[in-house]
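Counted from 1, the sequence shown has number 137 at position 138 by numbering that gives the first Met the number 0; the numbering is strictly sequential.
Be a bit skeptical, because a hint or two may be false.
[Claimed, not checked] Straight line, CA to CA, 27 Å or less: simulated DSSO-like cross-link-like pairs of lysine-lysine: (1) K174 <-> K188; (2) K115 <-> K28; (3) K169 <-> K145; (4) K28 <-> K188.
[What the hints assert, rightly or not] Derived CB-CB ranges, DEER-like: (5) Y144 <-> A124: 35 to 45 Å; (6) D55 <-> N32: 41 to 51 Å; (7) N23 <-> D238: 42 to 52 Å; (8) T181 <-> S118: 30 to 40 Å; (9) H257 <-> G143: 36 to 46 Å; (10) N247 <-> D55: 17 to 27 Å; (11) A220 <-> N32: 13 to 23 Å.
Rather than coming from a laboratory, the hints here were simulated on the basis of the structure. All C-beta atoms, glycine included, are put in the ideal place defined by N, C-alpha and C.
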Amino acid sequence: MSKTVDQQALRFKSIAEHLVAQRNATQPKSEFNLLQSPKTLADAHAVQQLMIALHDHAPLGWKCLTPREDGSIIAAPLLGQVVETQVVCQMKAVNGQALIEPEIAFLLRSNLPSGKHYSEAEIDAAIGSTHMALELIQPRFSQGYKANHYERLADGLSNQGLFIGPEIEKAAAYKAAGINITMTQAGIKHDYIGVHPCELPQNPMYWLVNYLSALGIELNAGEYIITGSYHGVIKVDMDTPLSVVYDNLGEFEVSFSHNECCD
């Protein structure tokens, strides 16, 4: 039994080291030896925790959705950078473009220790502020490779970082089932009818807190939670000012600059 456990620990460590390295690779290739790749939810969680340990900082937060209809779990730590309301945001380009997802981010102001069940009111009280946010996306599996769900979970669900925009009134954020989003770049305006994939942005957060608590994972003050894109992945140009407007909620401007290293 001990030998089997040791072999499994070495397997998870090898996967975690490989996935961390892909975050800084010029041409990332997150796929692993098919015989060794994560095959269960427990595998994916074990690799995620080892990846956290391999970083020189605690997770900057979590991304999540409520479980899918087939029971699939969508939850991964944010291990990259968090850029807070700056004019320039460095990130890795994908085919010369910045890949972003418009979201709302919840910032914790107090710790949520593991091992207990939290009511929605208790979770709400732990949220210090809500913000406009852009998730920074970096697909890391080779084009054409069909990663299984557990591989994608272990890899961090394509996250490479998070841009935090202006604060949104908390009550308004909690009502944001839909947001009309306008993005303007180089004089070209694009309007998007944003719809939250889980009805309201706080719904996945309520689920995540108790899911992680049951796994023995604590959430800490200063961490961000993002809960789903209002319009999937949007491709924008690098090194060109981008105006982002959430109708009746707020606006900001940012330019994405290529960075060889985002961790």
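Taking the hints in turn, this is what the structure says about them:
1. K174 <-> K188: holds, 26 Å
2. K115 <-> K28: violated, 38 Å
3. K169 <-> K145: violated, 39 Å
4. K28 <-> K188: Not satisfied, since the Cα-Cα distance of roughly 34 Å exceeds 27 Å.
5. Y144 <-> A124: 35 to 45 Å: Between Y144 and A124, where Cβ atoms are some 43 Å apart, the hint holds.
6. D55 <-> N32: 41 to 51 Å: With a Cβ separation near 27 Å, D55 and N32 fall outside 41 to 51 Å, so the hint is violated.
7. N23 <-> D238: 42 to 52 Å: With Cβ atoms ~21 Å apart, the hint is violated.
8. T181 <-> S118: 30 to 40 Å: holds, 37 Å
9. H257 <-> G143: 36 to 46 Å: Since H257 and G143 have Cβ atoms about 24 Å apart, the given range 36 to 46 Å is violated.
10. N247 <-> D55: 17 to 27 Å: Given about 40 Å between the Cβ atoms, the range is violated.
11. A220 <-> N32: 13 to 23 Å: violated, 39 Å
The structure fails to meet hints 2, 3, 4, 6, 7, 9, 10 and 11 from the earlier list, while all remaining hints are met.
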